[in-house]
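Each chain is listed here by its residues.
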Amino acid sequence: MQHIRMGILCLLLCATHSLQAQMDIDALFMGKGQLCTGPMYMHNSWKNYWEGTLKRDNPNLGTVTTQSISLMGMYGIRKNVAVFYNLPYVITNPSAGQWKGQRGFQDGSLWLKYKPVTKQLGKTQLSVIGLLGVSTPLSNYSKDMLPFSIGMGSTNGHARLMVDVIRNKWFATASMTYVLRSNARLDRTAYYTTQMHYSNEVAMPDVTQWNLRLGYRTNKMVAEAVLDNMTTQGGFDMTRNNMPFISNRMNATRVGVHFKQEEVGLKPLTVLAGGNYTIAGRNMGQSTTLYAGLAWIFQFGKNNNTKK
Amino acid sequence: MPQKISFTSSALLACLLLLVGCSKEVTDVSQQFPALNPARTDINAGTWKTILLTAPDEVAVAAPAAPTGPDYTAQINEIKSVQAAMKANDKEALQYWSAGAVLRWNELTRQLVAKYNLPPVNNADGLYPAPDANNPLAYPYFPFSNPPYAARAYAYISAATYDALVACYHYKKLYNRAAPYNVNTTVQALVPTSDLPSFPSEDATVAGVMWEMMKLLFPGEQAFVQNKINEHLQSRLASGANVRSDLDAGYALGRAVALKFVARARADRAGQAAGSLLIEDGMRQATIARGEVPWISQESPKRPGMLMHFGRVRTWNFDSATLVAIRPPAPPSTNSPQFKQELEEIYNFAKNPSREQIRIAQFWADGVGTYTPPGHWNAIACEDFVSMQLSEVRWARNLALLNTAMMDAAIACWDAKYTYFNPRPFQMDNRIKTVVGLPNFPSYTSGHSTFSGSAATVLSYLNSKRQSDYEAMAQEASVSRMYGAIHYRSDCEQGLVCGNRVGGFSVERGKADGAGL
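Chain order of the listed sequences is A and B.
Quick note, the first sequence lines up with residues 1 to 308 if you use our numbering.
Quick note, the second sequence lines up with residues 1001 to 1517 if you use our numbering.
It should be emphasised that the hints constitute simulated quantities derived from the structure, not laboratory data.
Here the structure is a predicted model, which means the values were calculated and not measured.
Think of the CB as a built atom: it goes at the ideal place given N, C-alpha and C, for glycine as much as any other residue.
Hints may contain errors.
Unchecked claim - Here are the simulated lysine to aspartate or glutamate pairs, EDC-like style, with alpha carbons at most 20 angstroms apart:
| no. | chain 1 | residue 1 | chain 2 | residue 2 |
| --- | --- | --- | --- | --- |
| 1 | B | Lys1091 | B | Asp1028 |
| 2 | A | Lys55 | B | Glu1383 |
| 3 | B | Lys1024 | A | Glu263 |
| 4 | B | Lys1024 | A | Glu51 |
| 5 | B | Lys1024 | A | Glu201 |
As the list claims (entries may be wrong) - Anything over 12 angstroms on all C-beta distances counts as not near chain B; from chain A, calculated:
| no. | residue |
| --- | --- |
| 6 | Lys123 |
| 7 | Ala225 |
| 8 | Leu290 |
Build out the structure end to end from the sequences listed, making use of the hints.
Following this line, the structure appears as structure tokens:
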């Protein structure tokens, strides 16, 4: 067996209004008793967006930028079981117009990751991984100022199934996710979607995601290309020249890259970085995202992770 | 360690299950309204003073057949066959419409206002296309139901409904034909019963008004409106409250009365309210000549000011001389220390608004894509009217008083806005960023404050035990525009004062119309 110390797993991929702070989308685990934690900075911006399916820009918004600083961490309970968390602080801003950007603690998330199956088939190793997560607003931010609201305000349950294959350090990881979303609450008592609703509650359509990653990984590093899609199961399109609304049908397909290197200068130090670009969307910005993070690995208890 | 795993995983699983368990159902206030069961029938409402009708029998309604004989029996059998064939969706429709005709059509008007309350996007040349009433379904859709347009729509619909129902109640008393569930005991009453005569049908009268008014106000929605009318009238047959001839007579009466209001609307100068860039430039030059900083659109590309001649539209409850007499005094000069102080105040609100200030700003924002501030006040009023158990005619009368006041408020406010042509805070200091949309028209006075002042005054008359609540709401709506960083204190305070005065004229109408409280 290879040793398993793999460093941090978290990757904030879905940055735009982060329907979910999308922790751990790769197949890696921590060693038992290891905590890997650190800050991540993310910068996301878009000038063009899809109003329903119509692509446009808006000189009254200019370029809309979302930045986040997160504290992420993952703890290895066993070599095939881990929990991890993400606590993001988000700042939004337009480059034009009079709208005030917003800032605040967005949605915290907590995940459990479990790898029940690892099979060696000749030189190929196959793993099946299951993940369960919850995310919920950490502050009472306004949900009614899209695209400047820092989040959507729903509490979400995430269920993800992942398959990973690796052969001679080349790997492929594919995952499917279902995001169950609770109702969100507005500051007003009536709103229009495709009809009037006399309530402050908004039924949030669920979301499905798939994610495909191809790349090269060793014990110390990962380099991969990512193709990713989120599709809202329901919701409605923004009407012409309207503002976005939290229960819009928000879809996006993105391509990106991700890198990670452990033991950078110091043995416990990991750096990671990446980015992605939206190639197709609906009711969302055509965003470019860049991120970089640092993580430090702490060992709790007896270190028995380096033995074969 | 295994315990730890099982603890963590069961905690997560529990959270997930909680989520799965919680449904996406949303409790909608409007769906909870009970069937209308008026405390009083207002059988003498035919004597109440109308708004445009010269007399309650100005539109003739022929006497109905007596509730005996084969024709009437056939109509009773129609009800029975409709009741026998009811499916789940028919029962749902019956329950929906049983809350009241005036209420439901007010809600549907709010829905259409929200749907159409979207400013047109500019053309490639940077100019903004104007919606065309003759081609409503071509972009930009007609109408752009912004707050003045919406105020006018609510007012015409409410006023026409009121006059039509006064006429309807006049004939009810005159012909005194009992409702089918009272005539024939084998007809099931699926709504609360009453001894109010059923000919002509008050529901059909309202529906007839809506058909004519909606054709004028939302001409691209005729299929939607026709569907709702069919559902509404069918629900009245199914309820056992009306026979076919009640509906036919009411529907014809409603349409005929509405046409008087359509004629008024076509001549009320709203059609010329849009103005032009030339007119706007004249206003700007006049403002500069007075030594003041003129308003400039902050949109990109610059959008012509909204409805710059709406201040010339014909009022309901006072005349044009009075409009000038109640015009708010000039705002603080843009060069004055008071202006700078008020600007500074808004800068401070904008710099770091509290969550509570943002909540208040958004609660009252009623901006793009909503039913507008007049719609918000209709929603507030209707919730209270439901609990007051009003008759249909009193529902209409209360909403007519409320909505003619709010249209007058729009006129008075827009008159002030384009008389003074005062700049918005963001124009004077572009560090003043907003948490609600920045309206594209001059600042002084605040539309929200004027609407809210007029509405609170009228509602306080109609439902005096909530007077202090209405006043507090108007105050909060007014100050919400300062929290939103789009209005100065003078805009809000003077808007409220003017709105209160405008509302007073509607209260005078109400005190003189013979309806009492």
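Structure-based check of each hint:
no.: 1; hint: Lys1091/B with Asp1028/B; in the structure: holds, 18 angstroms
no.: 2; hint: Lys55/A with Glu1383/B; in the structure: violated, 41 angstroms
no.: 3; hint: Lys1024/B with Glu263/A; in the structure: violated, 47 angstroms
no.: 4; hint: Lys1024/B with Glu51/A; in the structure: violated, 25 angstroms
no.: 5; hint: Lys1024/B with Glu201/A; in the structure: holds, 9 angstroms
no.: 6; hint: Lys123; in the structure: holds, 31 angstroms
no.: 7; hint: Ala225; in the structure: holds, 30 angstroms
no.: 8; hint: Leu290; in the structure: holds, 25 angstroms
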